[in-house]
Structures are given as C-alpha cells and as structure tokens.
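The residues making up each chain are set out below.
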Amino acid sequence: MSTESTPGENPQTGREPQQGRLFRWFERRTGLNKLLHEALDEPIPGGARYAYIFGSGLLFIFISQVITGIFLALYYVPSADHAHVTVAYITKVVAAGSFLRSLHVYGASAMVIIVLLHLSQTFLYGSYKGRRELLWVSGTLLFTLVMGMAFTGYLLPWDQKAYFATAVGTSVASEAPFVGGLLERLMRGGNQIGTLTLSRFFAMHVFYIPALIFLFVAIHIYLFRKAGAAGPISESPVRPKQHTESFYPRQLVMDLGFALLLIVALGFAAYFAPAALGPLADPADTHFLPRPEWYYRPLFEWLKVGHGQAEFLRIVVIPGIIVALFVGLPFLDRRLERRPWRRPAAVGVFSVIFIALVTLGAYSYYQDSHDKDVAMQLEQQHRMEVQFMNQPFMPQLANGAEPPPDQTAEAAAPASPVGAEGEKIFQSHGCYACHGQGGAGTSFAPKLRGIGSKFSTAQLETLFEHPLPQMNAGGMPHFKFTPDQVEALRTYLDSLH
Amino acid sequence: METNSNQEYTEPARPSFDSAGDKRILEGRRSFFLWLIAVGTAAMGALLAVPLVRYVLYPVFAKTTSVSWSNLGHGSQYASVTTPVRQIVKIEQVDGWREAVSRKPIYVTKGKRKGSLDGVEVLSAVCPHLGCEVPWNAEEGKFMCPCHGSQFAPDGSLLQGPALRGLDTLPVKSDKGDLMARYEYFQALLPYKKEVG
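So the sequence lines, in the order shown, correspond to chains U and P.
Read left to right, the first sequence gives residues 1 to 497 (our numbering).
Read left to right, the second sequence gives residues 1 to 197 (our numbering).
The following block holds chain P by itself, in its conformation from the complex (with noise of 0.2 angstroms):
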C-alpha cells in the first residue's frame, strides 16, 4: 500500500474494493478466517444468553400460587357440630414480588356428600350463582344468599335456586388429628362442580 507524501493529504488510502482476490471478505482465503470469528463470537453470545433465557422464563416455571392447607382445629371439635360453623381461612397468592393475602370465609357442617370426610364437609362460603359469600341463617336453618335468594340445605346442596348447584365442597384431610381444608375457587354459573385454573 503506498502512500504519497507529495500530494496533499484527503484520507489514508485504503484497499480498493473492486480490485478481487484479498478484498472480498466473505469469499476466499479471507473468509475463512472471518467464519472463524463469527462462530466463535456467535457461540459466546449463546453461552451468554443461557443466563438471559433463564431468567426470562423463570415466572413461566415458577409456582405462582401457593394455595396451601388450613388448619380448622382438632378433628374432635367438629364430631358433635349440628349446624355449620362459620370459620376463616386465610390464603396467601404470590404474585411475582407481590403477595395478597386474603381471608376467605368457610363452613364446617355435618354432611355426606361428596369431599366429605368421616361425615365432616368443609363448605365454600361463595354462592356457586354469581360468586356472593352466602350466610348462614340461623333462624331459617338453611343457607340463604343475600344477593338473587339461592337457598342451601345444611351440607350444603341445592335447595332452591337460581344457583345451578349446591355450595362446593372444599378438599379435607386429616393430619394427626387435626382437620385441614385447602381453599379454592369454582367455576360460577355451572351445574357441576369445576376447579378454577
């Protein structure tokens, strides 16, 4: 490459681009050595984004709820109930870095029905119609919800609608003794019982 010193100076001289062999890049004895390049910087930046990837699907992984069990108390104290027992659980949804917890109200009452355990059912309080939280009434001795009348029998099955089935049983166990329910959501407007997501 020369250079004239002579001449007054514009810009260093450079490889002219149409005089072949050398100065194509991406062709011939040049290339090879810039495809070696390219792969070993395109395989750091894999390696690299190994990291990013993990971190961008972490929340697609991560248990985002954790619904877990409920004590209700000793077994024993539920044995002799004769009309259901209002009782609160408390459930914590974790929501990436937030957390609500919320207090979700629940009936244990005497019953057979399906979900129930040595004839003990823990009750959702939220009316299977719309979703209100159905009161128990003590004078009338059955359920009555408060928004469009829906009425419940003490285990808790339909009585009269317009709900489409009785008050959804929630999951029970019995863990040395004690009762635990786990809280969940239904489905509303349904004439089954189905789990929310």
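So here's chain U without its partners, still in its complex pose (with noise of 0.2 angstroms):
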C-alpha cells in the first residue's frame, strides 16, 4: 500500500485500522476493490448528469427482460400446437404468470423507448464525435437487435394479432428486389406461417439475438470506456478539459434511480392493466386486420401509404439512404462542434426523419379511428381479446387420450351377424384390455382395426398359433380359435375400418 497523496485529495493515508489487514486480505485474494475501482471510478468529464442514465436504463430493461424471459421459458412450448396453450397457462393459471409476462411484453416497449431516447441523446449531444465511429456503429446495431427481439417475440404467444402482424411482416420481406421471395421463404421456414415458423422466431428471439446482444453489449461498454465519457457539449470530445468527477457516487445514484423508476413504472403497468392474449390464431379467418405494435407503426403505414407506386424508390431507395445516414452518421459529421445549434445539417435531417416516422405512426392511429369499418373491426378484435381472457383457462386435450365416446360408439355398432359375433369374442376375450376398444390401440399393442386388408383369415390363423417374437414379448397369451372365430375377428375389425 502506498504511502504517496494525492495533491487535493483526501490525505487519510496514515490512517491503517484493524480493518485494513483484513481488507488487504481480501483484496489480493479477490481484487474487487481494484474491480470496483475500475468500474464505478470512471472519470465524466462535466460531473454527473439526468442526462447518461439512458444507456444503463437500457442495460437494466435488458437484463429485465432476460430474466423473466427465461422465467417465461419455464412453461412456454414453441410448437404451433401448443404455444398459444402455455402462454395462456401462463397468464390465467400460474403464480404471478400474467404480471411476468407483461413486465416482458411492457419491457420490450420500454426498452424500444429508452433505445430512442439514449440514441436522441447521444445524437443531440454530438457524443458520436472524437473517435467513437465504432462506439457508435455497435449501437446502431444494437438498435436493430432490439427491433429484431421485438419482431421476433411479437409471434411467439400464437394469438390472432401474433399470427397476422407476423404474416404481414414476413410478407414485407418478399417486397425486396430480387431475393425478396426467398428471405420470405426462409423466415417463415417455407411458404406459409406454421410451426416452423414459431421454431425459427422462436430460436432467434431466445438464442442467436440474446447472444448477439450480449456480444455488442459488450464490445459497446468496452468502446465506450476505451473512448471515454463525452460529457457535455460544451466538452471537446477529444481533449477533455472540465473538471471530471468519478461516476460513483452521484451518476451511479442517478442510474439506479431511474433503474427503480422503470421497474416501478412496469410493475404499476403490469398489475394494473396486464397485458392481454388473444384468441388462438386462427390462419382462416379472412376477417382479421392485421396492426403491429406501435414502434413499428410507421414502418407499416411506410409501406401501406402508395402501395404500388415506385416501389424501388420506396423499398429499397429510400430505406437505403436512411440506414446509411444512421449507421454512416459519424463518418458524415465529422466536425468536432457537438452544439446541435451550430450543426444544422445533422439535426435538420435527423429531425426531418423522426418527425417524418411520428407523422406516419399518428396517420396509421387517425386512419384506423376515422375508418368506421376498420374502426368497428377493430373494435371486434379487442372484444374477441377481452372474451378470451374472461373466459376460465381450458386445458388442452391431451393426445394420446382414449377416442372421445362418439367414435366408441359408432364403432360398438357391427355391420353383420358374423362382425356380431366377433364383437362377442373381441369382448369376452378382453382383446380390448391391450388393443383397445373397437381395436383402437393402445401404447401396450397395436391397432386392430382394419387388419382385415392386411392379413387374410388363414394368415391370422397362423399368427394365433405361432406368434411373432414382439406378440410374445409384448404379452400376448395364447388363444385357441376355430377358422370360423378367427373370420368373424376379421369381419368384426374390418367392419369398423
């Protein structure tokens, strides 16, 4: 331990406790405080500020949502046949199912709003500038990470607006040019929304883009250290100048703030007004309008607004031009003026944009309200939703359960009086102990039903007397029938094919 002060700092450097033998103890076996030294001593240039907790609100929403995904996880089945069961099972049945899963479904709309906010911030701040290019990039691309977890988790609960609001997506796909048929293709895994579909949706929303976010998450915060904090916009972003403070205390209370202010924002939401389900997707229905969730309204009213007309130029074109100038942002502005003031240009376009994608989202929501038929459509839809979630939960049947009675009793009704007479010895017999009733089959043998085209009566009569090896093994016993028996068996089976 040095004895060297610091000019300006707090001399304590005498002062060696008792607990200072233990604290060097656990430091050189652990080195947590030297860890914690480097994680929470990050120096700000211009003190603490409201406006840096954007980008740790992001990481907590994340590790929000994380957890009660994977909690989600717990009940969720990805199969078409059964998705929409659990999450019902979920929210109508399990323990505190329904508040988890809307802190997940508000979670993503939080985190799509704090992912704008913080990249508002960074924008109007100019923190982009003084050789964060890559800082900057990795956050564009988590930016549409976060957009891909939001598409992607919209479809896994398999309700009506799941269903549609992804088959409208995937179809925008196929308006690329060229290979636009084929990314159709090979998001829904083929032609149609089905099962495969909720496994691919599925497997990104919980593995690929969890691991990807992760990834960039890291390589974020480790530009952004390597870099440094920008500070505020009177800050050269290269050389700072201000007085720096470390980030703990006063940011790191800041951040945790907001964190408690999130969480407490969606608990409210979530208990009070939980997120809702709809009823089972059902591809039939012709009726169904299908509306995405609000951030990608205007993405959907975009494409909805002159359909038809120049598609290239409204596809591909324009598009094109504003990913470029989001991902290419700090390659184009290249000045180290941060001051929105003195760069029109940057904020013109930026502005342009944001309120080109306000306007579009707004005209989507007047259109839908001012439309009586779409309204009252809509309408329906959200009754149909609210129907559903009254309704008590309904357990799905299980397969593999006996045939339900209607079957039973057709197939207790032979044809003839030697199909009568087979039932009589299928019966006393017990054939329908192993084979089923009706010789339906059962998980201990086989079915019985319509071996009459399989095998002829003198066939059956053989296997009577010489068993295979499996009828042996699976407990058949031994029967000794007459040809006469055996074919009205026969008769009796077939009569039910």
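Worth double-checking, as some hints may not be accurate.
Which chain U residues stay away from chain P? Per the calculated CB distances, all over 12 angstroms, these [to be verified]:
1) Ala-51
2) Gly-361
3) Gln-387
4) Asn-390
5) Val-418
6) Cys-434
Just a few of them, taken from the derived set where beta-carbon distance is under 7 angstroms, the chain U residues facing chain P [said to hold, decoys possible]:
7) Val-94
8) Phe-99
9) Leu-100
10) Gly-474
11) Pro-477
12) His-478
DSS-like cross-link-like pairs, simulated, lysine-lysine; straight-line CA separation at most 30 angstroms [stated by the list, open to error]:
13) P:Lys-110 <-> P:Lys-194
14) P:Lys-90 <-> P:Lys-112
15) P:Lys-110 <-> U:Lys-424
16) P:Lys-176 <-> P:Lys-110
17) U:Lys-447 <-> U:Lys-424
18) P:Lys-142 <-> U:Lys-480
19) P:Lys-142 <-> U:Lys-424
20) P:Lys-173 <-> P:Lys-104
21) P:Lys-176 <-> P:Lys-90
22) U:Lys-447 <-> P:Lys-110
23) P:Lys-112 <-> P:Lys-194
24) U:Lys-92 <-> P:Lys-110
25) P:Lys-90 <-> U:Lys-447
26) P:Lys-90 <-> P:Lys-110
27) P:Lys-90 <-> P:Lys-142
28) P:Lys-112 <-> P:Lys-176
29) U:Lys-480 <-> P:Lys-104
30) U:Lys-424 <-> P:Lys-90
31) P:Lys-114 <-> P:Lys-104
32) P:Lys-104 <-> U:Lys-424
33) U:Lys-447 <-> P:Lys-104
34) P:Lys-112 <-> P:Lys-142
These are calculated hints, taken from the structure and not from any lab test.
Backbone N, C-alpha and C define an ideal beta-carbon position, used for all residues, glycine too.
Each chain sits in its own coordinate frame; assemble them with the hints.
Take a look at the structure:
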C-alpha cells in the first residue's frame, strides 16, 4: 500500500486501521476493490447528469427482459400446437404468471422507448464524435437487434394478432428486390406461416439475437470505456478539459434511481393493466386486420401508403438512404462541433426523419379510428381479446387419450351377424384390454382395426398359432380359435375400418 | 484532478488506485455509501424475486390431478343386481396445461367386502396381477382375466391366481340417493390393496 498522497485529495493515508489487514487479505485474493475502482471510478467530464442515465437504463431493462424471459420459458412450448395454450396457462393459471409476462411485454416497449432516448441523447449531444465511430456503429447494430427481438417475440404467443402481424411482417421481406421471395420463405421456414416459423422465431428470440446482444453490449461498453465519457456539449470530444467527477457515487445513484423508476412503472402497468392474450391464431380468419405494435406503426404505414407506386424508390432507395445516414453518421458528420445549433445539417436531417416517422405512426392510428369499417373491425378484435381473457383456462386435450365417445359408439355397432359374433369374441376374450376399445390400439398393443386388409383369415390363424416374437414379448396370451371365430373377428375388425 | 491540455490526449485522467484514502471503494468513508446502495438494491431485488418465486413454485403446490366422484345413477337400480354391471367412468387428469381424459371400466356388483355400501360394491376392472382389464364372463359366472388367467368371484374376491388379491373395490358414497364412485389406481402384484400416488 503506497503512502504517497495526491494533492487535493482527502489525506487519510496515514490511517491504517484494524480493517486494513482484513481489507488487504481480501483484496489480494479477489481484487474486488480494484475491479470496483475500475468499474465505478470512470471519470465523467463536467460531472454527473441525468442526461446520461439512458445507457444504463437500457442495460437494466435488457437484464430484466432476460430474467423474465428465462422464467417464461419454464412453461412455454414453442410449437404451433402448444404455444397458445401454454401462454394462456401462464397468463390465467400460474401464480404471478400474468404479472411476469406483462413485465416482459411492456419491457419490450420500454426498451424501444429508452433505446430511442439513448440514441437521441447521443445524437443531440454529439457524443458520437471524436474517435467514437465504432461505438456509434455498434450502437446502431444493437438498435437493430432490439427491434429484431421485438419482432420475433411478437409471434410467440401464437394468438390472432401475433399470427397476422407476423404474416404482414414477413411478407414485407418479399417486397425486397430479387431475393424477396427467398427471404420471406427463409423467415417463415416455407411458404406459409406455421410451426416451423414459430420454431425459427423462437430460436432467434431466445438464442441467436440475445447472444449477439450480449456480444455487442460487451463491445459497446468496452468501446465506451476506451473512448471515455464524452461529457456535455461544451466539452471537447477528443481532449476533455472540464473538471471530472467519477461515476461513483452520484452518477450511479442517478442511474439506479432511473432503474428504480422504470421497474416501478413497469410493475404498476403489469399489475394494474396486465398484457392481454387474444384467441388462438386462426389462419382461416379472413376478416382479421393485422396491426403491429406502436414501434412498427411508422414502417407499417410507410409500406401501406402509396402501395404499388414507385416500389423501388419506396422500398429500397429511401430506406437504404436512411439506414446509410443512421449507421454512417459519425463518418459523415466529422467536425468536432457538438452544439446542436451549430450542426444544422445533421440536426435538420435527424429532425425531418424523426418527424416523418412520428407523423406516419400518428397517421396510421388516425386512419384506423376514422375509417368506420376498420374501426369497427378493430373494436371487434379487441372485444374478442377481452372475451378470451375472461374465459377460464381450458386445458389442451392430451394426445394419446382414448378416442372420444362418439367414435367408440360408432365402433360398437357391427354391421353383420358374423361381425356381431366377432365383437362378442373380442369383448369376452378381453382383446380390448390391450388393443383398445374397437381395436383402436393403445400404447401396449397395435391397432387391430382394418387388419383384414393386411392379413387373410388363414394368415391370422397362423399368427394365433405361431405368434411373432414381439407378440410374445408384449404379453399377448395364447388363444385357440376355430377358423370361424378368426373369420368373425376379422369381419368385426374390418367393419370398424 | 488536473488535466494537462498541452500534452497529446491519451485517455481521461482517472483517480489512481494506489493513492489510498478515498480510492478504496470497499473501505472507509466511500464504502458506507456503496453498502447503502448495495443493501437498497438487494432489498429491491428481493422484492422483485417474490413473483418469480411464486411463479416457479406454482406447480409444486398446485393440485395436479382432479380425480372426482363419478355419478353411477340412482342407487335403487343396483339394489337387485345379480350379476356385475359394467359401467364406464370418465376421469380427467390434469397435467399442467394438458388434460388427459380417460375412460375406465368399472363393475357395480353385489358384495359385502371392505368398501361396500349397502351390499353394493364398485370394482375396478384392472387386474391386481399385472394390470390387464378383466372382463365378466357371464357363461362361467366369474371374472376371468384374459392375460394370465386369474379368476375372481362376482363380488371380486380372488378365486384363482396368479393375482395375489381380489379385484379392488373403489371408494363409494351415496349422494341424494345416487351411487357415487371415485376412480383410483392401485399397486399391482401386492397381496393387499394399496393406492398409487
């Protein structure tokens, strides 16, 4: 431990109290203090500010999404047959299930809001300037990944709106020139949206994209620490001159305060207005009007407005320019000037794009509420959702359960007297015990219905006399039947086919 | 903290770790605040963990099977039974978000064995030997297991092995004159009746 002291710092260096030994013992083995020092004593030029809380807020919401997501996976099954019933089970039956799912659903929206705030703050403060190009580019990639999470997660409940929103979302891909159709089939796992689409979206949502997010968050934070905090707009982005304040304690408290505010707000929303689940997806429903979540509304409206006109310009050129401006921003706006009013071109373009997106989104909602038919249909869809939420949970009938009663009843009526004789033998010898009522088959023994089309009476007789090894292994008893009885059994079983 | 504006920028100056005092985050005056934050965050986390714990533990304490009483009709219709009457009861087994509905054969018969009600017994048709379904053989006047030949009297008591006990009686009760039975599973290959889970 050095005794050298820095001027202007609290000179407590002579103090080497009792806890000093324990501290040194612990520190030599863990390096925790050094680690905390590295993590928390990040210098912030110009001091702590509320403007800087969005990055850590985003990280906090992401961790919350990971935790709630992992817990949702405890009950969720990603298949077209089970997705909806398992989400309904989580929502309606499992303790705190609706709350956790709502946290996850609303957390997605919160994440999009905060990512927009974070990038707006970075943009307006010119914090991407001064050797921070890769930091910005990794941020744009993370933004894309967050939007990808929102898109893939939306399908997973497999309710009406999930299904139809994804149908629209994936068909957007087909409008891309040359590779559009291929891209759409790649996303859907075929021509139609089905269980393969769900598997793909699930895998993307829980494995591929989160892995990429973890990777790029690490890169993003590393690049941030390498470049250093940019500080206020009056600060030089390359050679900070202002007085610095370390991240701990004031900035940490502000960040934690924001995290607390977020979780309380999400908790309130999740508790008092839990996220709804609609009825099971019905691909045959031709009335359903798909509407994406609010954050995809501008894009949705953009694709709808002027459909069929200037396709190439609308689908490729303009979005391409916006993406290029977005990703290439630090390469295009290279001056070190950070004050927004001295950067009219950059701020102007940003504002135009931002206002255009807000206008498109607002226009989409405006249209929906002013077209009478659309408004009625959307209202009807909302009613169906409320109705479904109010219904008690209906468990899914398990596969392999015994056939429904009508099938058994039908099976119990043999057509001919010979068949009736066969049924009597089938019942009295307890064949149904293993082969099921009406020879429907069980997990112990195969189906016998329609066996007459596979074997002749003579062959069946031979089978009774010389059972196959698997018949013996399965515990099939030995029976002595006359040819007439075998014929009767065969007639009976055939009549069921 | 001084920043030298004359020299070429390398990275923002940061407090040096080796100078003691305030730089020790885990010790001294600065640590108190960190502990406060840590305790506050931990308390918050614990609060948030409550729904998570409830969510995880839900199936541990939830009722998984809903075996209920089956109504077999008015008791009077069984008052004069001479031979066992075959009935099918429907049982619903809830398995998380799935539900398996199975239909189980039972016999209502005359008998005074343990578990009978007013001289009427309800028998499970499952052979206590290895679980085959035992049919009533009207010609022989006894239950005859098709699998290994165990035989049971009309009241279900054991006549001939390899089964080690008679057919199992099911719990019965009378509800406003209706005969009610509750379907249960019993352990095979035991000389006495033992319920399965």
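To see whether the hints hold, each was checked on the structure:
| no. | hint | result |
| --- | --- | --- |
| 1 | Ala-51 | 18 angstroms, holds |
| 2 | Gly-361 | 32 angstroms, holds |
| 3 | Gln-387 | 20 angstroms, holds |
| 4 | Asn-390 | 18 angstroms, holds |
| 5 | Val-418 | 20 angstroms, holds |
| 6 | Cys-434 | 7 angstroms, violated |
| 7 | Val-94 | 5 angstroms, holds |
| 8 | Phe-99 | 5 angstroms, holds |
| 9 | Leu-100 | 6 angstroms, holds |
| 10 | Gly-474 | 11 angstroms, violated |
| 11 | Pro-477 | 6 angstroms, holds |
| 12 | His-478 | 11 angstroms, violated |
| 13 | P:Lys-110 <-> P:Lys-194 | 22 angstroms, holds |
| 14 | P:Lys-90 <-> P:Lys-112 | 25 angstroms, holds |
| 15 | P:Lys-110 <-> U:Lys-424 | 24 angstroms, holds |
| 16 | P:Lys-176 <-> P:Lys-110 | 20 angstroms, holds |
| 17 | U:Lys-447 <-> U:Lys-424 | 18 angstroms, holds |
| 18 | P:Lys-142 <-> U:Lys-480 | 20 angstroms, holds |
| 19 | P:Lys-142 <-> U:Lys-424 | 17 angstroms, holds |
| 20 | P:Lys-173 <-> P:Lys-104 | 18 angstroms, holds |
| 21 | P:Lys-176 <-> P:Lys-90 | 21 angstroms, holds |
| 22 | U:Lys-447 <-> P:Lys-110 | 35 angstroms, violated |
| 23 | P:Lys-112 <-> P:Lys-194 | 19 angstroms, holds |
| 24 | U:Lys-92 <-> P:Lys-110 | 46 angstroms, violated |
| 25 | P:Lys-90 <-> U:Lys-447 | 22 angstroms, holds |
| 26 | P:Lys-90 <-> P:Lys-110 | 22 angstroms, holds |
| 27 | P:Lys-90 <-> P:Lys-142 | 25 angstroms, holds |
| 28 | P:Lys-112 <-> P:Lys-176 | 22 angstroms, holds |
| 29 | U:Lys-480 <-> P:Lys-104 | 28 angstroms, holds |
| 30 | U:Lys-424 <-> P:Lys-90 | 24 angstroms, holds |
| 31 | P:Lys-114 <-> P:Lys-104 | 21 angstroms, holds |
| 32 | P:Lys-104 <-> U:Lys-424 | 20 angstroms, holds |
| 33 | U:Lys-447 <-> P:Lys-104 | 19 angstroms, holds |
| 34 | P:Lys-112 <-> P:Lys-142 | 17 angstroms, holds |
The structure fails hints 6, 10, 12, 22 and 24 (numbered hints given earlier, in ascending order).
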